[in-house]
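Using the hints, position chains Z, S and D against chain L.
What follows is the residue order along each chain.
Number of protein chains: 4
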Amino acid sequence: MGLKTPEEYRESLRDGRVTYIVGERVADVTRHPWFETAIANAMEDYEYEDPEVRAVRTYETESGAAAHRVFQVPRTPEDLEKRVKLTEVTSITTAVSAVLMALYNIKDQVAQVNGQYAENIERVYRHCRDNDLRAAQVITDAKGDRSRRPVEQDDPDLYMRIVERSKDGIVVRGAKLHITAASLVHELTVMPTKAMGAGEEQYSVSFSVPVATPGVKIINRGYARPGRSRMDYPLSARHNAPEGFVIFDDVFVPWERVFLAGEHQLAGVLAHSLGLWERIGGLIGMVRRSRMMVGVAELLAEYNGIAKAGHIQEKIGELIFYAEGLRMALETAVRSYKTTATGMVYPDPMAVNVGKYFGAANFHLMVRHLHDISGGLVVTLPTEADFRNPELTAYLEKYLHTRPEVKVEDRMKLYNLIRDFSADTYGGWELVTTVQAGGGLAAQRIVVLREYDLEAAKELAREEAGIAETRRPARI
Amino acid sequence: MGLKTPEEYRESLRDGRVTYIVGERVADVTRHPWFETAIANAMEDYEYEDPEVRAVRTYETESGAAAHRVFQVPRTPEDLEKRVKLTEVTSITTAVSAVLMALYNIKDQVAQVNGQYAENIERVYRHCRDNDLRAAQVITDAKGDRSRRPVEQDDPDLYMRIVERSKDGIVVRGAKLHITAASLVHELTVMPTKAMGAGEEQYSVSFSVPVATPGVKIINRGYARPGRSRMDYPLSARHNAPEGFVIFDDVFVPWERVFLAGEHQLAGVLAHSLGLWERIGGLIGMVRRSRMMVGVAELLAEYNGIAKAGHIQEKIGELIFYAEGLRMALETAVRSYKTTATGMVYPDPMAVNVGKYFGAANFHLMVRHLHDISGGLVVTLPTEADFRNPELTAYLEKYLHTRPEVKVEDRMKLYNLIRDFSADTYGGWELVTTVQAGGGLAAQRIVVLREYDLEAAKELAREEAGIAETRRPARI
Amino acid sequence: MGLKTPEEYRESLRDGRVTYIVGERVADVTRHPWFETAIANAMEDYEYEDPEVRAVRTYETESGAAAHRVFQVPRTPEDLEKRVKLTEVTSITTAVSAVLMALYNIKDQVAQVNGQYAENIERVYRHCRDNDLRAAQVITDAKGDRSRRPVEQDDPDLYMRIVERSKDGIVVRGAKLHITAASLVHELTVMPTKAMGAGEEQYSVSFSVPVATPGVKIINRGYARPGRSRMDYPLSARHNAPEGFVIFDDVFVPWERVFLAGEHQLAGVLAHSLGLWERIGGLIGMVRRSRMMVGVAELLAEYNGIAKAGHIQEKIGELIFYAEGLRMALETAVRSYKTTATGMVYPDPMAVNVGKYFGAANFHLMVRHLHDISGGLVVTLPTEADFRNPELTAYLEKYLHTRPEVKVEDRMKLYNLIRDFSADTYGGWELVTTVQAGGGLAAQRIVVLREYDLEAAKELAREEAGIAETRRPARI
Amino acid sequence: MGLKTPEEYRESLRDGRVTYIVGERVADVTRHPWFETAIANAMEDYEYEDPEVRAVRTYETESGAAAHRVFQVPRTPEDLEKRVKLTEVTSITTAVSAVLMALYNIKDQVAQVNGQYAENIERVYRHCRDNDLRAAQVITDAKGDRSRRPVEQDDPDLYMRIVERSKDGIVVRGAKLHITAASLVHELTVMPTKAMGAGEEQYSVSFSVPVATPGVKIINRGYARPGRSRMDYPLSARHNAPEGFVIFDDVFVPWERVFLAGEHQLAGVLAHSLGLWERIGGLIGMVRRSRMMVGVAELLAEYNGIAKAGHIQEKIGELIFYAEGLRMALETAVRSYKTTATGMVYPDPMAVNVGKYFGAANFHLMVRHLHDISGGLVVTLPTEADFRNPELTAYLEKYLHTRPEVKVEDRMKLYNLIRDFSADTYGGWELVTTVQAGGGLAAQRIVVLREYDLEAAKELAREEAGIAETRRPARI
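Residue numbers (the working numbering), protein chains in the order written: chain L, 1 to 476; chain Z, 1 to 476; chain S, 1 to 476; chain D, 1 to 476.
Just so you know, these hints were derived from the structure itself, not from any lab. Certain hints may be false.
As the list makes no split between identical chains, a pair holds if one copy fits it or if it spans any two.
Said to hold, decoys possible - With a cut-off of at most 20 Å between alpha-carbon atoms, the simulated EDC-like pairs for lysine to aspartate or glutamate come out as follows:
(1) K315 x D28
(2) K82 x E47
(3) K315 x D372
(4) K308 x E397
(5) K85 x E463
(6) K407 x E469
(7) K407 x E459
(8) K407 x E463
(9) K194 x E152
(10) K407 x D145
(11) K308 x E455
Remember, predicted model here, so these are calculated numbers, not experimental data.
Excised from the complex, chain L in its bound form (with noise of 0.2 Å):
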């Protein structure tokens, strides 16, 4: 019980877990290469020693007890600007960890129509919490033929679903995709896809199992090879977090860590109650990321001395624009946030929606605008080896060099990090991520449709239209 040390972690991982990477079996994650960045960066968050971060990065329990503040529902708005602030500097592994936090939430949702769940809820969110342990998401299934619901599929199996029942337990089968750092975390937490619908009992299916689980067998899909040049490649051999293709290969859940079991009005439930907390993490991290692309394209136009060139300038105010409206999102999302019966405070889901929407919708332009900054020495430089090799340094020096104050070195590693974010497998990550995480861009058309209060624009249109009266005297 307690916090754990970072050593206490990554011995934590060494449970015999069934794990893949590019088609060889893991003996142990915690020694193979493709892992390693990942680990260190999970380590990170437990480190508690200095009191500065421990502030920030923990919070007292009902109990006193200090726990990872990721585990913190938010009450008040004081909280939720803790908890945005935690996510800015967050491993991704610990940001997952949210799942069990937003599931707690709608525990009085789930007790009303079996208690057994709640507390179920309830027990493995303790479990978690006080042993510091980290959680995956793990959602989406495998869909097959897109245009059939899941009974109508070729094969049963490619929605998540119950395949035996007994005093002890269930047995689940399938498979769900897209699980981030699922082979680095202790818990699969597992969520319906979507909705379901009567005669879709046995797709109706929640609960949590330990990695090491038999039955459970992980995928795993990399952007950055091990061993890369931080010269090369700055961002990604620094971040690197692997996507389980996570397997459930008629897995036993015992009954105690059942959360659905066939009550196919709770899936949709269940299902949605993460979305937006996905989404604000988007947002948090679209933030960060723009402003880098500013700064980036900036400090570019410095070094190569076209930063008063008119046609750049309006290309660094598009990304400034950019950057701010994204900006303007998230801190509408906090200030303006709601409320929920249970008492949880949680980010206006219109703003969070609308700058999820905003950002992912023009990251492309903005890649662009980047781009035609750049030139095509971005994808052409040579690279740090050649630097390195006494036959080619003093040329690259030569040649690089454009103003007495930039390092050419320096110039090197602006060039790969604008590669690495845009131009490379990692920036493929990131273009297919920024559309596709939480939910592709009609998720959030969907969302604003619901959340938008119609009603009251189409008063002011027939206002303006002169067929509603007016409502406001003198103007007012």
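Same frame as chain L, now just chains Z, S and D:
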């Protein structure tokens, strides 16, 4: 002294002012049909009877007297919010009078150069405030050939200039363009059009004169002919403020009304004092207008039975993203307020400019979405006169019917609103002023480039590129 | 029989037709100011005296007689080019008469279902061609609630239908909307609004009747009030074709003028026969208009002395990309012509639809660029009446001066062209019809999805993915 | 003399050239894995056995010998079409050799300044053509601080320059960047990077030298590591041409290989000779690639069962508009060909530049559409190694199944194609080069501004504004 009644305001315009409309010299603006609507709107801002309205519309000056809130320099965030609230419901004639408040607030800067000017500002400000007068923002010069400086023009009067100085005052000559409501206010408060340099002393001039001052002539242009049907023109039959082309034909200005006469270093200070307030006014208008656009689109879709169609929902979704993006910018502008050295509270210029740019840059596409939803009837719908013709009424009732709950007259009004707003004379005025008011797209870009914390963004880029050490201890 | 003179055309309109404008019953369209401009334009197309003009405007029919080329079914690529050339210089009244040519060309398909209908098409086509008559394209129904089929509407007449059949003919009832030039042609050639299915026989109806047929009533809507100054309204004072809301109040149509009366399988054939020709007409207009926009922007920039500024050149560049994109689409449409089974040569539908979509989807942004270049004077410029007022002329000459080579009157005309074209009543009509004429953006998308060779594209994808063997031997 | 066999080509690369890859000196490019794919591709262009292929790939020179068609200067429209056809199926190594044809064609202009240079061009051109050699386009200088001219740089060598002249030749020093296929060709044909002025004589230099010339050193950069799975990397495992950073370290060039050495007025002529041919090459690539994108999107939608969904069809429609816009530009470029004074037929620069701009400016949005259709699996899909691991094959076959007709292996290949093409190292290279190759978006804008008939457009504007008399008699 003191607040005026609506009738007193109207009477006060009968002062012999020299003003023209469509080539005709207007003997009395209060009796000319082209000005009827605008004066009626302006009169509403002089309604102070209702206590609720009075509370919104007035404030208490340091002497304890009541004055119109448009003159109140915001000192607290609450003042700022009240001002924004006021602006939402104020006619344009009053709104432009913010020029006096903006001017008043830079008084101390002016005093450092010439104490007499500062006293003059104070005096004119109090005169207007205490007599409940209105003042137009008189800025844009004729400018001639844009590639030449004022002194290089073919005619030295293409920028307003001082042609004579005496012990009593100055004589000015020039024309000022796009002066909203010039014929309907009491004072013409003249600013330099931009910063001036050495050698441009004669062009560094600012002052305020009554509209009826000898030598002042105003050529008006309106977007709405008088006598329009409110059914055919739901907006422009109710709102119509003429723009003035104001000629200063050797106008004498006594020294006590001069704010600048030669000290070129102040020209920029005065010119820029207004920008922010003009733009936040524009942003407030955009927020309201964009919400109306959402309502119009949704209402029309419902009238026509297409509200559930996927492509319609997609377009309405885009309109909502637009409306909410603007709302977030305005809220951020107010909540992230700044404070000047003299204690004036003002909106965050970054948020105002980002919002204004976002609103202007995307407006045309939003109009396209609106027209894409509404169809050709926007421009081919029969007029109210057709509808009222007994030979035709029944046909229009019959063939414009869509659903039992939709009155044909309402459906016609809604189409007319779309046309009036986006596809008619007034709509054209909206298209142009959305881009141009407060200074074109480039003006916002210049501000955000100046205001953005580029150094912090560069530092972030340096950290991510590995050029600088990351300064976050343990990722916090 | 034979070609008419301009005067004969005008006289032919005095036939007792029932037509309204702004609520007023028009006794004689040839003497009513609202129709003056449009009739003058239509008369020009009846000028056959000049041999050069005659060569362009007429062709020789199979009987050796001269007929207006608008009736010529293109049989060779040269015919097609001549037709495109003709369309560039034809008034709208003549352009819409292409309906008869389009109809004539599907005669054989119609004959397979009912020989009598085909004969009727032949007869009416020859009647119009040989008497130099004009015919409006009468298609769009009132449609009521768009979510319901014709028979499900609250009023069965919301789609035009046959209400009675007798041995002499049929009686039809309904309204047709957006009928360009309806009051200025001789025939109303009515088409079904879309494909119809079983049970919709009463709605499967097509025919042609003279405008003055009893029961036909036209409510006109124009975008330009009569009597406009050509200086203030350079475009709409010269072009102004009213759109008709055409009511068929139990109109009797003799069998010899019926093209369809119940055979629902033909409804779609007739409805679609027009689309391509409407859209190529739209594309031709866009090509010309976009070239004008480039010229306007460049000329204004020169007038104002900003032609060399970087941001202006960028916007003019964008206008050129737009204009040239449209030109290329039109050229491709003509050069990649197709041929029907009956030997009619027609433009490549893919190119036409891609061009039309490109033109409509980007038009609003191009208008924004134009306004961004031109500034607020577009909407605040004094009128011709002001300019002609001797009290004001000198002031306007003085203050609207920019460069010695620019006449102020020309500069005013150019601003007026921009306003008239893009920010006034006519401009609004352009904004709407650019999107809506020929069927909205979605209509083009449907066509390209249908016409595009998706199988070939998929094959290429399969080859590149390594799913299929690449079929190119040695890369050729 | 004469055509080479593929093997002869490969052998010819073993000439002691000094070349590096990822920091390693390459002893023999023909045996180094990084060059294997590119050399295999280049060898295909030396296949002349098959008569059909030979007909496409060769032409007859004036002496009656067969030469590779890449050297043929187009003299007729048919030549031009054959060349475009050739380019569609030519490897990049051959494509770049067009530099010699472009150079050859400006020989007469060069002759007017210096006859010896023209003879040298003729000689080198014939040497390469008659020996079936390939030549890289060596243009872009290091450039240093972009705000300074060559002579103002901190190091005078930041633009390539002549450091010594003797009776035998010149000695040059400098670096050239982004030199595609530099290590895989026979000649480095060097051009000035831009027009030069008086005082920049030392920078006005052009010549051609064999790759193995002493002092020439090439640092290569590739986007695809060798040994990639063709299933995981469908594109980059098959196409991979390294870009060279080419250093000229005091390289001696004999006079007979010098094309320019000091006559600054020719620098621009040589620099611009290549642009058009580079860009039409880019356009041809875009046409093919965009067609592939449509196919990929449609195929994936079918695989996943969403091909009929409205929002998917909308995005595929957008991809088609993009693909067809590019196709129309290419067709127009060829059909509207121009002819030089020396009789060379070349594509319409306007169409090429409009097409290239359209393709580059919209590419990023098209990538977004593709990712929006395809979903997160693009970046999280397990690898071929996972698929081939017997422990995992059955799971992947089971859970990646969608429809009976879709093989899982094919579905994986298709996702991999999307990733490889748009979200991986190669995809990043595409993102950057789409914008940058042939000179950034601004380069196209400059060309269209120069080539467009602005005077005609202005005349049209004048006519429509009523400034000039319309010159069309009777509208024709």
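Hint numbers not upheld by this structure, sorted from lowest to highest: 1, 4
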